[in-house]
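Protein chains in written order, with our numbering: chain A, 1 to 321; chain H, 1 to 321; chain L, 1 to 321; chain X, 1 to 321; chain S, 1 to 321; chain V, 1 to 321.
Read the hints as simulated data drawn from the structure, not as lab findings.
This list has only true hints and no planted wrong ones.
A few chain H residues that don't get close to chain V, going by computed Cβ distances all over 10 angstroms: (1) 87; (2) 178; (3) 216; (4) 217; (5) 229.
With a Cα cut of at most 16 angstroms, we get these calculated EDC-like pairs of lysine to aspartate or glutamate: (6) V/318 - V/80; (7) X/220 - S/265; (8) S/220 - V/78; (9) A/220 - L/78; (10) S/220 - V/265; (11) H/220 - A/265.
Beta carbons: idealized from backbone N, C-alpha and C, even for Gly.
Protein chains: 6
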Amino acid sequence: MSHGYEKGRLDLPFVGHCTFGKRPIVTDWDAIDADVAVLGIPYDMGTQYRSGARFGPRAIREASTLFSFGHGGAYDHEDDATYLPLDQVRIVDAGDADIVHTDTVRSHANAELAVRKILAAGALPVVLGGDHAINIPCIRAFSEHGPIHILQIDAHLDFVDVRHGVTEGHGNPMRRAAEQAHVTGLTQIGIRNVSSTAREGYEDARSRGSTILSVRQVRKAGRDAVLATIPAGARVYVTIDIDGFDPSIAPGTGTPSHGGFLYYEVMEILQALAASHAVVGIDLVEVAPAYDPSGITGFLAAQVLLNFLGYIFEAKRKAGA
Amino acid sequence: MSHGYEKGRLDLPFVGHCTFGKRPIVTDWDAIDADVAVLGIPYDMGTQYRSGARFGPRAIREASTLFSFGHGGAYDHEDDATYLPLDQVRIVDAGDADIVHTDTVRSHANAELAVRKILAAGALPVVLGGDHAINIPCIRAFSEHGPIHILQIDAHLDFVDVRHGVTEGHGNPMRRAAEQAHVTGLTQIGIRNVSSTAREGYEDARSRGSTILSVRQVRKAGRDAVLATIPAGARVYVTIDIDGFDPSIAPGTGTPSHGGFLYYEVMEILQALAASHAVVGIDLVEVAPAYDPSGITGFLAAQVLLNFLGYIFEAKRKAGA
Amino acid sequence: MSHGYEKGRLDLPFVGHCTFGKRPIVTDWDAIDADVAVLGIPYDMGTQYRSGARFGPRAIREASTLFSFGHGGAYDHEDDATYLPLDQVRIVDAGDADIVHTDTVRSHANAELAVRKILAAGALPVVLGGDHAINIPCIRAFSEHGPIHILQIDAHLDFVDVRHGVTEGHGNPMRRAAEQAHVTGLTQIGIRNVSSTAREGYEDARSRGSTILSVRQVRKAGRDAVLATIPAGARVYVTIDIDGFDPSIAPGTGTPSHGGFLYYEVMEILQALAASHAVVGIDLVEVAPAYDPSGITGFLAAQVLLNFLGYIFEAKRKAGA
Amino acid sequence: MSHGYEKGRLDLPFVGHCTFGKRPIVTDWDAIDADVAVLGIPYDMGTQYRSGARFGPRAIREASTLFSFGHGGAYDHEDDATYLPLDQVRIVDAGDADIVHTDTVRSHANAELAVRKILAAGALPVVLGGDHAINIPCIRAFSEHGPIHILQIDAHLDFVDVRHGVTEGHGNPMRRAAEQAHVTGLTQIGIRNVSSTAREGYEDARSRGSTILSVRQVRKAGRDAVLATIPAGARVYVTIDIDGFDPSIAPGTGTPSHGGFLYYEVMEILQALAASHAVVGIDLVEVAPAYDPSGITGFLAAQVLLNFLGYIFEAKRKAGA
Amino acid sequence: MSHGYEKGRLDLPFVGHCTFGKRPIVTDWDAIDADVAVLGIPYDMGTQYRSGARFGPRAIREASTLFSFGHGGAYDHEDDATYLPLDQVRIVDAGDADIVHTDTVRSHANAELAVRKILAAGALPVVLGGDHAINIPCIRAFSEHGPIHILQIDAHLDFVDVRHGVTEGHGNPMRRAAEQAHVTGLTQIGIRNVSSTAREGYEDARSRGSTILSVRQVRKAGRDAVLATIPAGARVYVTIDIDGFDPSIAPGTGTPSHGGFLYYEVMEILQALAASHAVVGIDLVEVAPAYDPSGITGFLAAQVLLNFLGYIFEAKRKAGA
Amino acid sequence: MSHGYEKGRLDLPFVGHCTFGKRPIVTDWDAIDADVAVLGIPYDMGTQYRSGARFGPRAIREASTLFSFGHGGAYDHEDDATYLPLDQVRIVDAGDADIVHTDTVRSHANAELAVRKILAAGALPVVLGGDHAINIPCIRAFSEHGPIHILQIDAHLDFVDVRHGVTEGHGNPMRRAAEQAHVTGLTQIGIRNVSSTAREGYEDARSRGSTILSVRQVRKAGRDAVLATIPAGARVYVTIDIDGFDPSIAPGTGTPSHGGFLYYEVMEILQALAASHAVVGIDLVEVAPAYDPSGITGFLAAQVLLNFLGYIFEAKRKAGA
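Bound-form chain A, shown alone (with noise of 0.2 angstroms):
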């Protein structure tokens, strides 16, 4: 039979190691030889409210094993297309940045030169987190590989530019984004409600040309507008911060924020954004196991992402690339 299924294993979902989508383990960075690789940053300390994305990492990977059963790709009626085929698409675990408790400059460190080593190998880097601030690393280390522009779908803007002192927590992030010179342009969707972002930080981003649309406004507007935020050709670094869809589809995050998207309102704008623009890197953060029993939250991260990277590689087969 043309699946294979017969031939070695059967594999089920819980069956055997849980590595990112049931992909082989790379932690030698040096020996990356992949269209994708996958990074942990279970990074924690700069939350502001419930810790506990540290785990985050090890929920993406476990909830991922269920959507990799197919042997030869993952099959979507809707699109008739075969996604991620495994001899196609060659995707490595690259195991996680390292971590030092109670010191947020060296994991920091850490986490961007693990971006680095996977960028230098050619790989799209994408990295399961921890909270928000793990994006600070993954950025910087874009700066041999900019410019790009910044996606960010999240319930919080996240632009604070100091507080106390603090300029590498997890509502940090889009403002040392902005600063980076190979940082372009940001879009930031699904903002909403209150949090540490206050006025003036909305007004800064603002002046730095950062195009804010809360779940309404990107409801009204629709996918297409929300892609023409993005110039035609940027290279696009996409940031997902897990509350920016509802609670209701991602209780197990730290600060969680109701009115978010629902799960087609985003897949919808990804998959346009795959077929439009080249997506250099992705981020996920703010996974939070404890806080959900049922494990939903998991199994929407590996969702997302799993269909986000067949967009993607599926975008640039039919480019030819």
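On the provided structure of chain A, position chains H, L, X, S and V as indicated by the hints.
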């Protein structure tokens, strides 16, 4: 007063044994004299990821007590109807099929026997799973009670023929059903994302005349288009995998899949179906309560079943049956 | 800096005692000098299914700390407004009414006394339940502060007159309210599915002039049609049963009912109400945290109340009040 | 084979309705013809902290199914005895007393009536709480079936006379019992730490002839010294508050208290008691399953009751009764 | 009546704000006038495994309300003593030290300041962690209030000097303490199993005069032998890591270790210590409530602290202090 | 420094992939070159009550990371030994046996093959269940590596021959083992309470030379008496059902039974066994993490296995092996 609440017990939902809808127990299947017989099949050896659906029948029975304290039936103000009046719709709880651990064949045989007894008694079988594999003996039991058209509500196509020798797991039931002489067609809705059914399973299903619609396709096409795929006059068996619903309302299941149906989307199809066709059997599967501490999955299952039964018998009453 | 974050403490959400919105405690009710006084009524002996709403006030207070770290008020970019500036809207946490186990009459008397004290102080009472029975003493406390129109957001009509002698359980409050001379009308929205209110309860409600709308009826009619059921110039008391919301966002409650309101559906009604009418009292009931390990029900309650208060005082400010 | 497992159903623990020990239901209390009748009293309005014991009866019934799959009785190799042979000890599940929300007096009256019916039928009443207040109607029901000595196993003395008018809460039952003419004495063991009973409650209890022993005092004195406090020939009613056990094995309760009894400490007292005295009534209270996701509290309750019943009837058998 | 329950409120445990023991809040640390001041340090960036101890203070405060309803103090029948009479032992809740996310140095400085204020006020500091790193600023704060001997109850030695630059994580506090001039010795009990302290850490500790005893060694040696390791006349600071207790009673912690102390083993040491030495400071750390849905870890912490305080002040009273 | 922590990564417990003890993965079973090979058998179709042990291997692996951060082995101060030094005891994680849903025969065959491969490689097999049925293929795999004596630690005798045709469920393994020519005897400890093994099962076991001891019998007899039931010179296979331990420390299991072993009771037997006999195989079964939100059952399993392995290789080292 007409409702009679002061006579006898108040019988609040949390009081008393957990039978389905607090209706009487009849475990002597040769003695069933009822319009509806509810049967549990607490089997979960067919699942490919999280087990635990063996406690589905108990969870649904417990949850159903919340909706059973209307002594004179359940008044619905939207429909201005009183559903399931105790004196007009006789529902009995037939207990569970006998499950034999490690032994799928024997367990399924026991389940098939039970459903045959209910059909022989002239009652509508309403089966509480268990994982979706339990649909296989249910459909077989209709061999002398066909022909039937199957309406499946599910995230997964469940159309695997055989893999590593497995033919009666929870990925196989629709393929097994399609093989039965007394099954004349399938309408499969809610199907989305990757699952154990590979591309050839879809092709197989379509070649056998199955209609396959995703959640988004159902939303776009509308309720009536779904019903139009069921031949006029067909006798319909409805199989509801709780993961056809969105994880936000059905987290307690073995293989959650984001992007599922919301409550009214399904109920409006079921209500229209009850008015347009004869419903001859129902199963609801894959409720795994260990993964849902808040219990909303069980409440969903109970609410769906009690309302669907209400629609069916109200339609019969209106039709003068 | 204008926000003043560097002065004094950072005071992150997880730091410090749990008072509502981290506002000051005033348990000497004769000393209340505030615009808003938040009172807990941790009573749950009126429930007909799952108990536990007695911990509602503590859960909501804890959750509210997440939304209270804007030192200068809460900036909402969608509305371009800063809600609840600390120096303009004085909110105090008045602690809890004294509950006497086994004794509903005495507990309700204590609760009524507390609300009367708040009204006497000229503050807006915001009451945290407790089960919905606690609405009964709240409404009674308005006897000298009427007339009022009640807007109820709920899955259940709660219009039972008396059953087995019970007149002050959580199925009775709207019936009790309708009997009060100072209650001039009711608008009851979100009502759906079977509950303890039988058909005659609906007839009774309608005969007393109540408007009853299901979730789907509200969706079809639209926000303005809902508001149109409230007479112009009416002073409005809003009672929010958290089960009026969908179980996907409010699983932690005693009697969940699928098919409920989503977040913005309710918030847009409340925002419009704040602009069109005087809101003179609020209660939010039936949060039972033991059934919600992720805590999203408490976050919903806190978010609804803080935003609603923001709408009310922003409307007052605009009106020059 | 002698055990007869192949005849009829395998009937694994997870299969079938949840009745106590999977024994038959008899809810027509005038028709009880049994050695033991198990009654639930799902009342929790008497608790002073965490509610939820109203689901105690359901949790204990569910848990008891784990210990009920010996078709020919339960063989205990330590005692080399087969306990509760189905053909010799007739146990029935009498369902629940009718509870009226908000109304303790009426609920207790209903409970007392149920226990009186069981006593009139000549069966041993085994009552599943509910909070400890339900002991009050149970003891009252013995007014024509005394005299009785009470053995209480509990963390708390429960000897409050009246406070804020409350006389029938879960802090009052032993004081109420001591007032009854047919109660000749109390042995109260496991009592420890602070509770609602103040110093004068202890003095009151002692002045009425009660023996009060802490966990450590029982350990030091030994089993026989405990039994020596019960007069020879006394007919004994045993009331077991699950919080008499250590929180490590009974976390699912309203008012946990560390330093409690371990399993065999209690069982050895109960086994000796069964051999030395006539046990005429039993209640087990305060199981609150919402606070115990692992379910071990329910298993403890079921195991204690089934073994205790085994001891009682084995002792009767040996005594030739 | 002497207890005064009828005067004022009944004030059941579940009613009212969560302050430690329901005692008054004094967050102006210059205004503390009390025998005991309870301070939270909700810091968890020092942990090497599961985070979440930042919610320890809130969990312990909530749990302590269960043990605070004796209006006239807590009567203990085993000791025939009334502990912590409100009019004799003045306890205040001083709120939390200000925590700065990402910044251990600044957080610890804030914590040290708070403890210094309490010491300056002449109150006994009782500190609620947070992870064990918070012991570092606590001990530093005693620089002018020494000398002190430290009694540590813990599964782990916490004697790491420096690793990857980390000197103030939760594996370092005892090493840091041993360096302080005002710390004259350590008694470390409960230490067991593997942890972050390697062999050289043990050697280092012993060379600095520390006494290290495992749970089994304490059991064998007995309580008095433990106390004998503390010099007569020493002023003792007690640091209790909740994981010193067995996971059966303290599951809600970051790094559980089986084989720990049971309740009375610790309490009897603390009671004897209170009688033999002056206790000048206490901290209790590592309660992580997200990992304990039943809440027994918080109850343990509250029970340990309230009883320990009772022992201390009863000993002072007896000594005529 | 000798421990080498500053070289390379800090590698905190929560960082990195979940392999057993963070040891390397070798899933090519023909390439195993190690002292110990850890294999998961995630099979749970043999259970008679709560399923979920299929996630035992993942839970134990995750928990084992907590105990694996000693870079130079695990120092135990009680024994003054460094266990499992990385350079002396080579442990590999061999992944999982391939499980085929619905098919016990094929799953067991796959498991047997895996254990045979490990034995062929000369490594000590350490197997993570799955339910206790997985012991059946494990013992079979020793057919060429006998004779063996089995030490079982368990609440249940598991000595059912056949019932309803079932011979390879979790109630059958010891009966199956006793039939094997290469199994020379059994020592079964911890056995207590009712289970699926009826009286004739006990008689059967005894007639085949098995020693059966309850928890209390082991406590009374002492460790040495237990070891004396194992013939001198016997090669011992140890099978540990986690429910042999008390539910207080092992709540996450399918069929909990109160009154089980505490931690040191078992560890001291295992340590003595390691010194007195050759241990040739180990399995640890029935960890079902879905029933243990605090995770202490997984920590227990990991701690037991890592310490037991430490004892074994330390004994070998001392013996000069």
